[in-house]
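Peer 1: Listed below, chain by chain, are the residues.
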Amino acid sequence: MDPIVVANKLTRQVNAPGGVLTILDNVDFTVIPGEAVAVTGASGSGKSTLLGLLAGFDVPTRGSVHLLGQDLGTLSEDAKAALRAGNVGFVFQSFHLLPSLTALENVVLALELAGAVEAEARAREILDEVGLAHRLRHFPRQLSGGEQQRVGLARAFAVSPQILFADEPTGNLEQESGRQVADMLFNLRRDTGTALVLVTHDEALATRCDRVCRMSNGWVAPS
Amino acid sequence: MSRIHWVWRRLHRDLQVSELRVLVLAVAIAVTAVTSVGFFTDRVGRAMTLRSAEVMAADLVLRSRSLISTDYVTKAKTLGLDVAEVREFPSVIVVGEDMTLLVSVKAASSAYPLRGALTIADQPEGESYLPRSGPVAGTAWGDARLWAQSQLSRGATITLGRLDLTLKQVIKREPDRGQFLFDLAAPRLLIGLQDLAATGLVTEASRVRYRLLLAGDAQALDTYRRWFKSQQAEGLTEGIEIEGVGDERPALQSALDRAASYLGLASLSAVIIAGAAIALAAKLYARRQTDVAAVMRALGASQSILLQEVLLGLMLMACVGTLIGLALGYLGQGGLGYLAGRALAVELPSPSVRPVLAGLIAGLLMTLGFGLAPIAALRKVSVMRLIRRESSALTTSSVSLTLMAIAATTGLVFWQARDGVLAMWVLAVMIVLVLGLAGGGWLFFAGLRKIRFGPSATRYVLSSLGRRSGIAILQLCAFGACIMALLLLMVIRVDLLDSWSTSISPQAPNHFAINIQPPQRVAFESALETANLASQGLFPMVRGRWAKHNGRRVDHAAFSSPRAQRLASREFNLSIAEALPQGNTITRGSWFSPAEGRAGEWSVEEGLAQALGIALGDVLTFRIAGEEVSGSVTSLRRVAWDSFQVNFFVIASPGLLVDRPTTYIGSFTLPPERGAVLASLIRQFPGVTVFDVGMLMEQVQEIIDQVSLVVQYVFVFTLLAGITVLIAAVQVGAQDRLTEMAILRALGAGRRRLEWGLLLEFLILGSMAGLLAAFFAVIAGHILAREVFDLPFQPGMAVWLVGVGGGTLGIGLVGLVAIRSVLRNPPLTRLQWIQN
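As you go down the protein sequences, you meet chains A and B in turn. For the record, in the first sequence the residue sitting at position 21 is 21 according to this note's numbering, with numbers rising by one throughout. For the record, in the second sequence the residue sitting at position 524 is 747 according to this note's numbering, with numbers rising by one throughout.
The hints are simulated quantities; they were obtained by calculation from the structure and are not laboratory data. Keep in mind that the hints are not guaranteed to be accurate.
Here are the simulated lysine to aspartate or glutamate pairs, DMTMM-like style, with alpha carbons at most 25 Å apart [claimed, not checked]:
no.: 1; chain 1: B; residue 1: LYS603; chain 2: A; residue 2: ASP78
no.: 2; chain 1: B; residue 1: LYS771; chain 2: B; residue 2: ASP345
no.: 3; chain 1: B; residue 1: LYS771; chain 2: B; residue 2: GLU851
no.: 4; chain 1: B; residue 1: LYS395; chain 2: B; residue 2: GLU277
no.: 5; chain 1: B; residue 1: LYS673; chain 2: B; residue 2: GLU277
no.: 6; chain 1: B; residue 1: LYS603; chain 2: A; residue 2: GLU77
no.: 7; chain 1: B; residue 1: LYS603; chain 2: A; residue 2: ASP71
no.: 8; chain 1: B; residue 1: LYS771; chain 2: B; residue 2: GLU748
no.: 9; chain 1: B; residue 1: LYS391; chain 2: B; residue 2: GLU461
Below, a sample of chain B positions facing chain A; criterion: calculated Cβ distance under 7 Å [what the hints assert, rightly or not]:
no.: 10; residue: ILE291
no.: 11; residue: LEU522
no.: 12; residue: SER525
Built from N, CA and C at the ideal position, the CB exists for glycine as well.
Generate the whole structure from the sequences, applying the supplied hints.
Peer 2: Here's what the structure looks like:
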């Protein structure tokens, strides 16, 4: 089976007051379809940077990333956005719902950007799956943190992505809400067969993945 | 869901956010300023056109030296036009046994005047009123001079030719007086047209000027004019000239042009300040929308989708603001029209649709010009910020922002100022201002960073300002531009308008004297001096017709504009001068060289040169008393016509007009109560023609009054726009300040201490902005006064006091009120907000 994500000798450096700072150093990383991979490590170990590079949010200093068979280094920003639309889902630690749109509209927007038909029906369906059928018309500020993240999950899975990138999805939630969100994330993933790259501090959450990569000082320790 | 629907829903909800409200408010204020001033100037402009018609006593006039055929009357009546006939000629009346008096007779039909009002009184000092009709058969009316010079009383008999007439009323105001300035030597005698034949004075050889006055609706007048042109083309209108509204009197035209410049500049200040508010609000809105844009990019939205969305949003906001502005502008001009109508006792015509279009264009252009760059930067947002907040804050290219703003401003300036010179100066002043404010601010804040003394709170504020110099300079520019525009408007409103007003006030000559023969020159000057009448001296004048242009005979019919045709065909009053006359400015070329042996030179007024296609270096030939005199044009001059001094379209270099028939012309100021002095002057110099231009001066004064009123009105808009800028500029800094304040409060800093810190920060910004703004306002005032309005300018201390004092207090207060609410909130609220 062809890998869905392949990172080859990925290096990311930034200019800092003390000179060049290497955040990622020659990292190799692969995810195959349907696989769930957790990336753990201490703060500053390069987890978020790796996630950003894999999703095409950032550009590596050296090395390459192939996402869904496409070399991201050869794609323009718009081409990367087009590749993401409908194929790649995201769940963020800070939820990042659009504050001026209702829960339903947030999900509909993602579906419309992916070119989905019957967007609203599909959005209602997935919001129902995450237990928010009664919160469709609520704005993000009217929802609890756990509910906001469930809308985030609905938005991510609504387009049936081939891969989902999740950045500390339970990091901003108290324990019970965090557990519920994690359960929903893994259930939806299992049902849809979506590959998952999960960045987390939470060891318990990491162990629910097929594989765990531990990062330390820009290196990925073999799992 | 359609794109517009999406965008609208989001914007509708985003309107809860203050910066969008500021953006809409700023667009609304600018559009209100543009449309209300546009509506008003449109109405005043049309009122002035009507007023011009008043000065002709008609909408259209046919003039001839011989009797105008009845065909022209019949045609006018067929088209439903009102018709009046007027004949004028110089004559002599016999008063009593042996006294004779030279008079200018006007015989008018009963419908005269068709436009404007003829007012009369029963006695020279009596109350004036509107007559029901003209003089009845056997009676005559005379102007105040006639009554004074003849020393007659009401009911006295005067003899005109073979007819005895009873002198009945005093003419107080005659709308078309001054049509033939050089024929107004004598006092006016008005009789009914029905009595003219009985005088026996009009024969084939008489020097009678015939006028047929026409008035009516615009369409009928147009039709008549076309019919006349077709008659003219067939050569059937021999000797008849047609003249419509839009005459060639330069004093009135000059006043109207200057008025348009003042108003254009005034409304522009509101527009540009509102533009600054739009730019700031858009920047804030863009900053708030950064995460939204990043999420959309993460979800797969292309840059073009994002750009379309922000453009659509911006345009929707512009439309909302513009619609509000149009509505307010319409209401505003209604109030202004009412006030102006009351103040000036004129009825303004109803508003036209054109200003609506102007408001619409202004609203959209401003929003795009000032708001697009910050908002369009959203399309380049880095998605990485969704994962790592500290990475890649949204940066608007200051180059693109500046270029867009300059483009929009340039467009607006050229459009609103209606004057290339004014527009160029305004742009130059603005560029210098922005560079000066930014440069001054940079130096000042760099200095602040080095401050290492004072109480900790003060030290913290100063160094904090120094560290955030980017935002602080932006605020300083916004505050400074705002204060400067208000100060400049104050300068224009108070100082320049005063200068303009005094340029024609009591010192301005209200009487002109012509036909002064060379031997009378010295005696006339000393007579003026003895009578204590202020005069600028006497100027030589030679009358000549323009015969050749660069050797080719001048064909006045070849000019396309009627004004050019009239100018080319009339007799010019050429003067001779060694030095450039007072109130004249050389705009091209150079004044006559004193060197001997040079060929003849002409200096031509720039407006005339433009109308007749005369350029520097052209050779002009004038026919003077049957001989041709040629010279080349070595300079073009700008003339302050509305100063009412003696001015000439064409001046010859000394030596060019030697031995040509010369008379002298002069002007002097005669207070109305000293009419007897005039009578004695006329008695002393019977051949000299004296006429007064009081009515023309009244009209110019009216224009100044209207301009003053509108400028004050625009000032209010500029002030409102200024307040929105303050709010927007405070908001720009507030995001950073709020976070800092919340952290400081969490660390235990007291509210009073923080308030003092904030107050100090805004006081510093305000005083610095006020100081720089006052400096630039004074410079700009000097430039505008000298280069554009051609007026002297003496700025008072008020500019400095209002600039620094107003800036410090105003900005201090607005800043404090805007941020104070934050200090009431518990720090946790803000810190949680930052966290999320």
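Peer 1: If a hint holds in the structure, say so; if it does not, say that too.
Peer 2: The hints, checked one at a time:
1. B:LYS603 to A:ASP78: holds (10 Å)
2. B:LYS771 to B:ASP345: Violated, at about 52 Å.
3. B:LYS771 to B:GLU851: holds (9 Å)
4. B:LYS395 to B:GLU277: Given pair LYS395 of chain B, GLU277 of chain B holds - Cα atoms ~15 Å apart, limit 25 Å.
5. B:LYS673 to B:GLU277: violated (69 Å)
6. B:LYS603 to A:GLU77: Holds - the C-alpha atoms of GLU77 of chain A and LYS603 of chain B are around 9 Å apart, at most 25 Å.
7. B:LYS603 to A:ASP71: holds (21 Å)
8. B:LYS771 to B:GLU748: Cα-Cα ~36 Å, so violated.
9. B:LYS391 to B:GLU461: Violated, because 38 Å separates the two Cα atoms, which is more than 25 Å.
10. ILE291: violated (75 Å)
11. LEU522: holds (5 Å)
12. SER525: holds (4 Å)
When each numbered hint is compared with the structure, violations occur for hints 2, 5, 8, 9, 10.
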